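Here is how the chains run, residue by residue.
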Amino acid sequence: MLQTFVQNILNALQWGSFYSLIALGYTLVYGVLLLINFAHGDVVMVGAYIAFFIASLLLGHYSFFPHALPGGVALVLTIILTMILTAAVGVSLERIAYRPLRRKGAHRLYVVITALMCGLILENGNLALLGASRKKFPEMVDKVVYNLGPISVTNLKIAVILAALLVFILLQFIVTRTKIGMAMRAISYDKFAVPLMGIPIDTVIVFTFILGSSMAGLAGILFALSYPILDPYMGLSIGWKAFIAAVVGGIGDIRGAFAGGFILGFVEIMVVAFFPSSYRDLFSFTILLLILTIRPTGLFGVPKTTKI
Amino acid sequence: MLLEVKDLKVQYGNIAALHGIDFHVREGEIVTLIGANGAGKTTTLYTICRLPPPEAPKLVAGDILFRGQSIVKTEPHDIVRRLHIALVPEGRHIFGNLTVLENLKLATFARRDQEKINEDYERIFDLFPRLAERRRQRSELLSGGEQQMLAVGRALMSGCQFLMLDEPSMGLAPLLMYDMFRALKRLNEEGMTILLIEQNAHVALEFAHRGYLLETGNIVLAGTSRELMDTPEVHKAYLGG
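Which chain is which? The protein sequence lines are A and B, in order. Residue numbers for the first sequence follow numbering that gives the first Met the number 0, so the first one is 0 and each next one is one higher. Residue numbers for the second sequence follow numbering that gives the first Met the number 0, so the first one is 0 and each next one is one higher.
Hints listed in this document are in silico derivations from the structure and should not be mistaken for laboratory results. Fair warning: there could be bad hints in the mix.
[What the hints assert, rightly or not] In silico lysine-lysine, BS3-like type, Cα no more than 27 Å apart, as pairs:
(1) Lys134(A) - Lys156(A)
(2) Lys190(A) - Lys104(B)
(3) Lys57(B) - Lys72(B)
(4) Lys178(A) - Lys57(B)
(5) Lys190(A) - Lys184(B)
Computed from a predicted structure; not experimentally measured.
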């Protein structure tokens with residue numbers, strides 16, 4: 000009994016890590032722009048596909064580059080390149096879709112709708128380019144199972160959890176200790192006064208999208224390594240759920256994104272552990288709904304007050 | 000000449016806010032723009048800062064010269080980082096979710112001169128000792144007067160040489176207001192050029208060297224503070240007969 004419980008905790012940590020990494024992107028962009036970037040889940044999907052192509056290339060699956068790199072090198076390169084390229088996708092969305100609207104002073108609602116459309120374009124663009132067939136992500140790491148008594152854990156699971164923790168520490172450092180992080184927090188409080196400090200708003204926004212999207216890329220590759228079947232709609236449900244996790248944690252707060260992500264991961268895994276798996280979403284979202292009813296601003300959110 | 004505004008016409012959407020105003024500020028001066036609500040005072044400062052619409056107006060005609068160069072096409076952040084012009088906006092606009100120290104530090108975003116930055120912290124804490132006491136507090140917890148000090152301190156931390164203030168006395172108790180003007184006077188004596196907006200014409204004219212009277216988007220009077228104080232227009236409208 001205890002053994003299954005601990006095993007489930009490890010599974011929950013892994014699931015929670017995916018949600019957290021994705022929830023981050025929602026929360027960062029919301030914190031700075033008050034924009035719910037509904038395309039973010041699809042950016043994760045694009046990240047997984049980018050990882051797929053880079054991995055296949057580096058492992059020598061394509062005839063124009065028939066040199067297979069050693070597994071470890073290929074993995075590290077795939078992670079780095081995927082994060083860079085996915086960040087480029089996020090920044091492009093900002094440039095092409097969101098920035099022109101911002102320049103024209105469009106209402107937030109229109110930008111959110113634009114984000115939804117961007118997500119649909121990414122999904123269907125993928126469908127049009129690559130077809131409806133699913134892709135099988137290549138095996139990049141040899142699975143190692145560590146047995147700690149009756150509990151077994153794979154190297155991949157440990158890597159996913161560690162990655163999420165490292166990202167949390169890194170982002171928390173950037174946001175609380177660096178000037179650009181302060182600028183991100185300042186924009187969320189009072190966008191008007193930021194240029195008066197000599198800070199180019201667009202630079203801060205691009206930096207935010209780079210952070211959020213590169214983490215989406217990381218989530219995409221880790222997800223693909225764990226569940227190696229890719230399809231154009233894979234970002235949809237996990238994206239929605241990560242968004243809900245960000246809201247439950249208190250959207251705009253990095254700690255909230257992580258707390259929300261792990262709570263959702265735990266609830267889902269624990270529901271499945273004790274009930275039929277078809278109850279999973281029903282139970283988990285009922286619980287999240289209850290949390291929001293009690294704390295409408297989320298766990299870490301604070302209602303904003305202004306002094307006149 | 001530090002700042003020259005020439006035949007400046009601006010509008011919000013299709014509504015004209017300034018109908019072609021001219022004024023100038025020389026190095027080392029304190030100049031004040033006085034006028035009633037809606038005269039276009041804040042609009043003028045926003046335009047000089049090149050802030051984008053919708054909060055700020057669109058420039059439709061005229062020119063703004065700073066040290067002889069047109070700044071009409073300059074980006075708002077470059078107004079601060081390259082030209083060293085700072086605005087203390089009306090309503091303070093401090094970042095309430097940051098601490099006092101973080102607010103000050105953020106204003107040094109574009110600066111690389113760390114030694115001078117450290118001197119500026121000392122200078123500001125000397126000018127406003129209350130800020131030094133509260134440096135670790137979230138700034139939304141400060142009183143209104145302290146927030147105003149922070150807003151001025153933040154502008155100074157940007158390394159400005161030309162300081163524009165929009166109603167710095169608003170919401171301050173009289174004693175605090177005189178403290179504030181005493182601090183600004185000291186800054187001016189140390190070489191800071193100041194452009195001040197005030198509804199309280201009496202205080203403004205006592206403080207400034209010269210002034211302009213704005214009325215619904217036009218400058219209707221200009222002169223030294225003494226001259227303006229003696230004009231019937233200013234007297235009647237702003238000094239209570």
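Agreement of lysine 190(A) and lysine 184(B) with the hint, judged by alpha carbon distance not exceeding 27 Å: 30 Å, violated
Hinted pair lysine 178(A) and lysine 57(B), Cα distance within 27 Å: 31 Å, violated
Satisfaction of hint between lysine 156(A) and lysine 134(A), Cα-Cα up to 27 Å: With a Cα-Cα distance of about 22 Å, the restraint between lysine 134(A) and lysine 156(A) holds, given a limit of 27 Å.
Pair hint lysine 190(A) and lysine 104(B), alpha-carbon separation not exceeding 27 Å: 17 Å, holds
Hinted pair lysine 57(B) and lysine 72(B), Cα distance within 27 Å: 12 Å, holds
The structure fails hints 4 and 5 (numbered hints given earlier, in ascending order).
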